[in-house]
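> Produce the complete structure using the sequences and hints provided.
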Amino acid sequence: MENPITFFQKMLFSLDLPPTFDLVQPDGAKALYRDMQRLREERLVRGAPNVADNADDSTDYLMRARSSTGGYLSKPFTDDIELPLKLG
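In the working numbering, each residue's number is its place in the sequence shown (first place is 1) plus 517.
It is possible that part of the hints are untrue.
Unchecked claim - Taking lysine-lysine pairs in the DSS-like style, the calculated list, with each CA pair at most 27 Å apart, reads:
| # | residue 1 | residue 2 |
| --- | --- | --- |
| 1 | 592 | 603 |
| 2 | 547 | 603 |
| 3 | 592 | 547 |
| 4 | 527 | 547 |
| 5 | 527 | 603 |
Treat the hints as calculated values from the structure; they're not laboratory data.
And the structure:
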């Protein structure tokens, strides 16, 4: 079985997707959220929300989203939804 991140990377760059995203809502294995976030960051436009449900299950993702150097302004939206906005 192929590594999930490798699969996601191939899918992201092989499909006929727009060059930029103005909204992302990741879904899948929470342990992969941070790696998937890194792969799609260059396509996120400034101010794009990166809405994550059950984000508390992915501490790596939350640490990056909430870090002052992570490139996002992030706040919990509800108990289980995180709303990071791309800053740059």
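> Each of the hints needs a verdict: does it hold here or not?
Here's how the hints hold up against the structure:
Under the criterion of a C-alpha separation no larger than 27 Å, the hint pairing residue 592 with residue 603 is consistent with the structure, at around 12 Å. For a cut-off of 27 Å, the pair hint linking residue 547 to residue 603 stands: about 20 Å separates their Cα positions. Our distance criterion of 27 Å between C-alpha atoms is met by residue 592 and residue 547, whose separation comes to about 18 Å. At most 27 Å may separate the alpha-carbon atoms for a hinted pair to count; residue 527 and residue 547 meet this at roughly 19 Å.
For the proposed pair residue 527 and residue 603, the alpha carbon gap of about 23 Å is at most 27 Å, so the pair holds.
Every hint from the earlier list agrees with this structure, and none is contradicted.
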